[in-house]
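Chains D and H, in that order, are what the protein sequence lines are. Taking the numbering used here, the leading residue of the first sequence gets 1, the next gets one more, and so forth. Taking the numbering used here, the leading residue of the second sequence gets 1, the next gets one more, and so forth.
Fair warning: there could be bad hints in the mix.
Computed footprint of chain D on chain H, listed as stretches where at least three residues anywhere in the stretch have a Cβ under 8 angstroms from a Cβ of chain D [as the list claims (entries may be wrong)]:
no., region
1, 132-145
2, 150-157
3, 163-173
From the derived model, a few chain D residues whose C-beta atoms are all more than 10 angstroms from chain H [as the list claims (entries may be wrong)]:
no., residue
4, 31
5, 74
6, 119
7, 181
Quick caveat, the hints were computed from the structure, so don't treat them as lab data. The beta carbon of each residue, even a glycine, is placed where N, CA and C say it ideally should be.
Take a look at the letters that make up each chain.
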Amino acid sequence: MTGDALLMEGVHKSFGKLEVLRGIDLSLDEHDVVCLIGASGSGKSTLLRCVNLLEQIEAGRIVIGGEDVTRRGVDVNRVRREIGIVFQAFNLFPHMSVLDNVTLAPRKARARPRAEATAEADRLLLRFGLADKRDEYPDRLSGGQQQRVAIVRALAMQPRLLLLDEVTSALDPELVAEVLDVIRELAGGGMTMLIATHEMGFARDVASRVCFLHEGRILEQGSPEEIFGSPREERTRQFLQRIVAAGRL
Amino acid sequence: MTTIVVVVTRSPGWEAFKAYFFNWDYYRESFPEILDAFWVNVKLFCLAEVIILPAALLLAVLRSLPGPVFFPIRALAIVYADLFRGMPTILVIFMLGFGMPALGLSWIPDSQFFWAVVSLTLVYTAYVSEVYRAGIESVHSSQTAAARSLGLSHGQALRFVVLPQAVRRVIPPLLNDFIGLQKDTALVGTLGVVEAFRQAQIDQAATFNGTYYLVAATLFVAITIPLARFTDWLVARDRRRQQAGRLA
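Bound-form chain D, shown alone (with noise of 0.2 angstroms):
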């Protein structure tokens, strides 16, 4: 564990009065997929909008590639268009095809010909199944296709690093599975990723290592045999109890 793809110091956030995120040290390594699991309101999207500068930190570090993002004067368009962000209610653009949901940041953020930024878009659309799809605006496509379009778009710019916020959250169950489906892909692929999720039988699966956070802190990690099987923490316990009582793992 370097942390050459991201590195988090003594991370901290606060929402006015609310501390939000209390001190997060966190690495990742290329290829890395990390799973964020942990109550609601633990701070598993606060985490991810942090990284992605969506969110400006009050105290510590976030170090991409080697490079300190969090310090000032950052060009803060520069170091977005390496990371990609999905989440959870999608977030579409509405009042566009989904092609152009998918082009547009490479032609505006990247300024890649149209014609160029077209083909990589439908090289991703056919590759993810949504091909047939790329003419329709998001209204007329489900939740699981809406998803995978949003995936779809954020690869588009070809990130190092993509951060998934609880995808499958706002899905049917029906359609969580095809979303799934497309970051094992990925995981498969080697893209690294922090996953914050709900779904532990996927994080079980997918994740290289899992993080459990409460109350901003991440309060223990480890391999998912580690975390899923004998966790160390009694917190970690309580947590996953809940989550077996409600059937989700």
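Could you slot chain H onto chain D? The hints should help.
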């Protein structure tokens, strides 16, 4: 409705009223002349609207700039909007239309038509920028977050993601303000610019008959009613689309 008609037509002054406002000979006779003058109104509101739409959008965007760096710009934009939304339009028209030419500066235009366009533009830009602003604020912040997360700058996110959605949503209220502008061009007559209302006043002064006002009213209504129906149609279409989107 029937009651009102009966009360009005049975009123003691009805015959005199009818003779004053509904003289069909005067109506026919004056129509071409007042129509001619009405073109001045059309020119006024078309010219003003062409400036108002982009200027108001710019003002709304300036007010949405984030961070303390842009505080002075935001503050200026707010002062401007407060001032010109607060002042009665006719006062602005009077002050600029009579005031500016009176300065006697050779490089300042002394055409009252020019100052009328300026006044209407200043007042309506303040109104319309509020409409745009409401539209911008109605686009959920998650859209901006999604755009920024992809590496688009604030300006790019605004231009490609927020504004297209915002403007689409506010087209009906924009048209509504456009109708307001059309009617307010009649205020310009107070400067002596011969538009439809002023022409009607001139004609009335010659014959002491009020039918000319009816002619002017007809012309305004003839142009605003189609626009109002068009606005209704747009609103209905948007509603249908949104419902279709939700059902899909």
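Here is how each hint holds up against the structure:
{"no.": "1", "hint": "132-145", "in the structure": "holds (count 3)"}
{"no.": "2", "hint": "150-157", "in the structure": "holds (count 5)"}
{"no.": "3", "hint": "163-173", "in the structure": "holds (count 3)"}
{"no.": "4", "hint": "31", "in the structure": "holds, 22 angstroms"}
{"no.": "5", "hint": "74", "in the structure": "holds, 13 angstroms"}
{"no.": "6", "hint": "119", "in the structure": "holds, 19 angstroms"}
{"no.": "7", "hint": "181", "in the structure": "holds, 23 angstroms"}
This entry satisfies every hint, going by the numbered hints stated previously.
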